[in-house]
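Asker: When you get a sec, could you build the whole thing from the sequences and use the hints?
What follows is the residue order along each chain.
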Amino acid sequence: MRFLSMCCGVKSVLVISVFMVLPLVGFADETDEIYALIEQDRLSDAMRQTETLLRDAPEDPALLFARAVIAEKNGSNREAVEIYKGLTLSHPEMLEPFNNLAIHYARTGDYKAAITTLEQAMQSNPSIATAYRNLTAIYAQLASVAYRKALNSDTPLEPLELASLEKLDSSTSGSSQNPPILVASVQNYITESLGQNSSSEDDQPTNEAADRTKKTSAADSVESKPESETKSGPEPEPESALQQVQAVVVESAPTTVKAPDPEKVEKAAEAIPEPAVIAAVTPTVEAKQVAEDIAAQKQALINHIKSWAEAWSDRDVDRYLSHYSERFKPRDNLTLEEWKKQRYGRLRWREFIIVKPSKYSISIEGKSATVDFSQYYKSERFEDTIRKTLEFNKEGNRWLITKELI
Amino acid sequence: MKLSRIISSLVIAVTTSGHAVAESRYEREVITSVDNLKNADFRYSLKSLEDLVDKYPNSKLGYLVMGDLLAARAGSMDLVERYADDQLQLAGLRDELYYRWQTQTGNSPAARGLVPANLIASAPSERYILAADASQSRLYVFENTGTSYLLIKDYFMTIGKEGMGKNKEGDLRTPEGVYFVTTYLRGEELPERYGPGAFPINYPNEYDKKLNRTGYGIWIHGTEPENYNRVPLASDGCLSLSNDGFLDIQQFISVDGSTPVIISSGFNWIKPDQKAVLSQPAHTLLEQWQKDWESMDTDKFLSHYSPSQLENYDTFAARKYQVNKSKRFIEVDLNNVSIYSYPGNANMMVVSFDQEYRSNNHHSVTQKRQYWLRKAGKWQIIYEG
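These protein sequence lines map, in sequence, to chains A and B. Residues in the first sequence are numbered consecutively from 1, following the working numbering. Residues in the second sequence are numbered consecutively from 1001, following the working numbering.
Honestly, the hints are just simulated from the structure, not real lab data. Keep in mind that a hint or two might mislead.
[Said to hold, decoys possible] If you anchor each label on the Cβ, the simulated ranges turn out as follows: (1) Lys-1168(B) to Asp-154(A): 30 to 36 angstroms; (2) Lys-329(A) to Gly-1170(B): 47 to 53 angstroms; (3) Asp-154(A) to Gly-1113(B): 44 to 50 angstroms; (4) Gln-1250(B) to Gly-366(A): 56 to 62 angstroms.
[Said to hold, decoys possible] Derived contacts from chain B toward chain A, CB cut-off under 10 angstroms, selection only: (5) Asp-1068; (6) Gly-1075; (7) Asp-1085.
Since the structure is predicted, the reported quantities are computational estimates derived from the model, not experimental observations. Note that the Cβ used here is the ideal one computed from N, Cα and C, for glycine as well.
Answerer: Here it is, written out as structure tokens:
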């Protein structure tokens, strides 16, 4: 399916190429026969055969899938859709039902549902999802390079960070050293994947690094590149934007899921269904990484609150205020400036302050988070323990407080 | 339409020099690569854009379309905004693509065989006429065949940052009117941004001066090396072409005043066979002026001149009365007549000719230019020189 929207009076074009995907899962002998019948257009025979086999194995996904395919060929779209839907729930690891379901949605003009379904298909296979996200990130990077040239832009490129997969999708375990991966340069990518000649002997990324990238980079699993090409192509201009992209070190350490571009992250978060749901069905490496990432974010939030409490206890107002976002909304309709002044007074007047947070309850949603915790407070005049809620917004790499509730 | 376009391109390719091919080929390649986005798959589209920017590394348009394609593939169509430090450049490139697309798909009036109504008559010495249509960002070259006008070539063109309607110095606008190329400036003597050379035109012309328009240095020139061409609104008032375009258009330009450059915000395009009908009144007018001069009836002759608009009308009239007293006969022949109606002012014409004047006591050959203005239905000369 291609979906391109064009500028300047060129109409958007939507072409749907329908590829019915047949399942690759087992039960070869029995289903082979069914598909042979389908191919010969002997649909009722195929159906009869399928029904017979289903009697023994009513939940067999391959048979159910075959039945849906036959139903579709018979024009029973509704039945096919129901089976596909069921299979996406019972066997989310199978790409084919998602794909064919998406085709159905697209045919009926519901492109949104089609897109969501295809995205779910990829999400159902975290490796593919990661590879797809990496591919997308590279395309976005290439687009950025082109835009910078087109528009003489001084806006720096975002560093290209790609998620690597350290383990095979199966339960096969192996030790992972998480070596930093040198992205072999976008120029390489362009020249190789587009089949252009690279000719000059440049001292761009080393062969070793490039090789390593080939073996480990997720993008590589999608893009086939000629194996012999390890040198980077010639640089047309010495200060080319492409060069800036080169030699970007991609961290492959635990937080592999993080995407570099905040905008992209937001979009990905919107577009891709909650990864945790998938993880529940198929606990995989990817899910673990998501979990690890979330754990890291939670720790960052706790550290932030601890540091906030320390600054408060030290009556270091500047440091205390540095934990708040510029978008922080004070209570009592105070402006941020008025509130800051008030805090200077309140903190500085005390002989001593002790603030101790504990018992955190954290929820993170994309770039915002809410932390509910127990706050012990003591000063020369007052002592209590309350339940406090802080709302956070992630700005750059830091979580900052946007709202404070008691 | 497409086929005729291809054929005409082939004709152009075989009849003109190498640069011609470069400019039109560039445009064709840009538009083809855009067309591919509709018709071909992602890989092929990207490849053709890669080839394009490889061949024309200063094609901002190529990079923009490539960026759009990749951004679409990446699912972030608004990515462009991050790099649009200069919104005008972005909008300009989109406009450029639109204009080039219009031309390449045969949608321009010239491609449909129409000619600007402003071209009424051209002297044989004016072999080529340059017609700049700002509404299409296009500079056309018409060949004067004596009986009609034939489209020879056309180029994407950039005008002033502030558009058309130059009025005063530094307003970054391009003048609208009838001008002539005055000279040639070699690129080596110019700053890089003018490209391989420049052809200044006679802005401010006599009419502009009459209206107290200021400014100077309106040229037809090339482009700085960083860009294949500039976006539609990007000069200080000049007409800027791609360097390929400039090197090609040179062959049609003479610096002896015989290359008219008619610049319009948007021409009225008409069929060539309508032209004779529309231009007849202008010819009649000029003939009447000639006859009335030969008749030695000074009042009748002077009725062609505007007492309020013509500078020093009283002195001029007094002198005519004086001179005509001594005449027994006057013969006036007009050669090399050219008549252009004024863009942006349908009530004005610029008439140029070589005038051979013979009388019982005088004989002279003079090049003359007149500006005729119609007021209350009556055409009168407001400038003569």
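Asker: Of the numbered hints stated earlier in the document, which are not met by this structure?
Answerer: Hint check: nothing fails, all pass.
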